[in-house]
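S.K.: Now for the letters of each chain:
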Amino acid sequence: MQQPNRLRPFFENITFDREDNEMIVNFGPQHPSAHGQLRLILHLQQEQIVKAHPDVGYLHRGMEKMGENMIYNEFMPTTDRMDYIASSSNNYGFALAVEKLIDVTVPRRAQVIRMMLLEINRLISHLFWLATTALDIGAMTVFLYAFREREYLMDIIEDYCGARLTHAAIRIGGVPLDIPDNFIPDLKDFLDKLPANIKDYEDLLDTNRIWLMRMENVGIISEEMALSWGCSGPMLRASNVAWDIRKEEPYELYDEVEFEVPYSDKCDNYARYKIYMQEMRESAKILYQTIDMYAETVKNNETELMAHAPQYISAPKLELMTQNYSLMQHFVLVTQGMRPPVGEVYVATESPKGELGFYINSQGGPYPYRLKLRAPSFWHTGILTDLLPGHYIPDVVSIIGTTNIVFGEVDR
Amino acid sequence: MRAYKPKDDVQKKSYYTDRYWVAPMVPKSKVEDDAVFAADLEAIKAKFEVSDAYIQVEQMVVYIKAEDNLGVLKLMKEELGYTQLSEMSAIDWIAKQGQFEIFYQMLSMGKRKRIRVKFFIDQKQAIESVNPLFRSADWAEREMFDMFGVIVNNHPYMKRILMPDDWEGHPLLKTYPLQGDEFAAWYEVDRIYGKEARDIIGPEIRESARVDRYDTERFSRLGFEVPMGAEPKAKDAEETPLAYQEEGGVFMIDKFEDDKTEIISDRKR
Chain A
262 MQQPNRLRPF FENITFDRED NEMIVNFGPQ HPSAHGQLRL ILHLQQEQIV
312 KAHPDVGYLH RGMEKMGENM IYNEFMPTTD RMDYIASSSN NYGFALAVEK
362 LIDVTVPRRA QVIRMMLLEI NRLISHLFWL ATTALDIGAM TVFLYAFRER
412 EYLMDIIEDY CGARLTHAAI RIGGVPLDIP DNFIPDLKDF LDKLPANIKD
462 YEDLLDTNRI WLMRMENVGI ISEEMALSWG CSGPMLRASN VAWDIRKEEP
512 YELYDEVEFE VPYSDKCDNY ARYKIYMQEM RESAKILYQT IDMYAETVKN
562 NETELMAHAP QYISAPKLEL MTQNYSLMQH FVLVTQGMRP PVGEVYVATE
612 SPKGELGFYI NSQGGPYPYR LKLRAPSFWH TGILTDLLPG HYIPDVVSII
662 GTTNIVFGEV DR
Chain B
296 MRAYKPKDDV QKKSYYTDRY WVAPMVPKSK VEDDAVFAAD LEAIKAKFEV
346 SDAYIQVEQM VVYIKAEDNL GVLKLMKEEL GYTQLSEMSA IDWIAKQGQF
396 EIFYQMLSMG KRKRIRVKFF IDQKQAIESV NPLFRSADWA EREMFDMFGV
446 IVNNHPYMKR ILMPDDWEGH PLLKTYPLQG DEFAAWYEVD RIYGKEARDI
496 IGPEIRESAR VDRYDTERFS RLGFEVPMGA EPKAKDAEET PLAYQEEGGV
546 FMIDKFEDDK TEIISDRKR
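Quick mapping for you: the protein sequence lines, in order, are chains A and B.
Going letter by letter, the first sequence gives residues 262 to 673 in the numbering used here.
Going letter by letter, the second sequence gives residues 296 to 564 in the numbering used here.
Excised from the complex, chain A in its bound form:
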């Protein structure tokens, strides 16, 4: 506790401790490099960190509680607000968990559209990551370029679902809409330009002296530490673990597309940066393949977009308008909500940030009895406790940058 007097004024943010020369600094909760409301309580010896306490919860909205008081379909737009940089991947994770619970299979065209959305979201998220991290390190040009490309992708998403940030583009049992006519030509235009764009970023950053000094051999997460802290996604792959849920536990049509899982044994910030860049190329590769898969569904005249499970999912419009019983079921589903069977399910998907898991415990009611959202960023923030000590203040910014945490997801 500070005891201010005339010689020792009161500092709101800093505590000086004369005896051991340790200084305690609040990094945030309003720090621009914290990418949200992160308060880091740092104990410093000169400029070196000896102890770090990440303090989270400034964006806590109680999503799990809200989920327990909402019908399943009602919760879908709320999932957008978790990882709001790539919201379709949250929609998808929740939809997949409920689909496993009620055991429905999604029509093939919906699967293809879902994969397109997921990969576009991955690209959006990675571009956003690159832009903000580069900006934190001081590379303004990369920020402008990456945001430009992200804008194109957001336009494409907007053409599909009408929203740019909170998409709610996926429904339980499929997707609400077919893709618009200009979607695939636009996407192709973008993808054709993307390799040159990624090369531009890499030309600017790869051998940039400042970038290397801030990234190389900084923030080293050993394999053991990454596993112990529950890291996932690029954080884990940069620590020499080639684990990608899309590859290892394939969902949707990921077992039909060809892509590589980049990983690195360097374990530092720079390795993470390279993995993000490589993953963008892999996403583009997957997107090219999904375009062909979509053309195939058109050729085979597979037009269904929602699964057929009348007691859980509303029947198609034609049936609602022609069959009385379908309409009655639809009314019950809209007003009371679907009632999944009694049981529980944990489904993990590979979101751009890592393993996004949804644990649902259903007691047969229209509201989930317990909903646990496993957000990757939560643990990627927790690891700062062990990762930061030993580093210097400027490293904090680059380490937070490469962990790619989003506070909508950390606090939920």
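Just so you know, these hints were derived from the structure itself, not from any lab.
These figures come from a predicted structure and were not determined experimentally.
Think of the CB as a built atom: it goes at the ideal place given N, C-alpha and C, for glycine as much as any other residue.
Heads up, a few of these hints could be off.
[Unchecked claim] Straight-line Cα separation of at most 25 Å, BS3-like style, residue types lysine-lysine; simulated pairs:
no., chain 1, residue 1, chain 2, residue 2
1, B, Lys-307, A, Lys-326
2, B, Lys-419, A, Lys-326
3, B, Lys-454, A, Lys-326
4, A, Lys-535, A, Lys-546
[Unchecked claim] Between beta-carbon pairs, the in silico distance windows are:
no., chain 1, residue 1, chain 2, residue 2, range
5, A, Val-522, B, Leu-428, 24 to 30 Å
6, B, Thr-556, A, Arg-470, 46 to 52 Å
7, B, Arg-297, A, Gln-572, 32 to 38 Å
8, B, Glu-502, A, Leu-588, 30 to 36 Å
9, A, Leu-588, B, Ser-309, 19 to 25 Å
10, A, Arg-470, B, Glu-337, 56 to 62 Å
11, B, Val-521, A, Lys-546, 55 to 61 Å
12, A, Pro-437, B, Glu-533, 37 to 43 Å
13, A, Pro-437, B, Val-521, 36 to 42 Å
14, B, Lys-360, A, Gln-624, 22 to 28 Å
15, B, Leu-428, A, Pro-456, 41 to 47 Å
[To be verified] Not the full set, but computed from the structure, chain B residues with beta-carbon under 7 Å of chain A:
no., residue
16, Gln-306
17, Pro-319
18, Met-320
19, Gln-351
20, Gln-379
21, Glu-382
22, Ser-431
23, Pro-466
Let chain A serve as the given structure and place chain B on it in line with the hints.
M.R.: Then chain B, alone, in the frame of chain A:
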């Protein structure tokens, strides 16, 4: 007569349930159906008591005793290759049986398998921290304590994580209302202005969909705007056009004219 509302579970309830309706079950299969899970279960059974085990939605669920949690997880990590604790938390069964159910969601990357280890504890019972095995339990256990009030022994930093340190109550309990309790309604007033200001300010309104057309400090009616805090316009008042702007205009801002706008159909990429 007022409708009966159970006090031990104040969460939203379905307003209508067919009295003859029986909820179906998510199918469970025997552990023997999967060779990998069967071997894992044998290894756990050899050292610890397992009360129930089955496979549901591709994952094995194992019920153990509460005091074995650290031992079972150690065995799974060191001998069975379940190197990651993806998630752990609690489920509130207090209304039904006065217990919490704790689950640990384990992942083996070598086997590509997931196991959920579960056990029941009494309402006031503490569990042992698995933080020495998995650092991810550090934050997960703190979150569980924050949300349910389950105490974890030998945890390095047993404090609230998402809610403020001086919060009262545990929000994910079924007895905790969605909009927050009495304490939540006064929390910010007490902290910012002090308890003595309660009469002046009043409790925080925590209803998310509340709209009050007479409250012109927080709400405004489109087309019927008045200055902040002024009396609202009468019901039959004339609507203010959309192009409304202060008399004499605003520096640097052009007046918005409704009839001169156009919608661009082709966004050039």
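S.K.: Looking back at the hints listed earlier, which ones does the structure fail to meet?
M.R.: none
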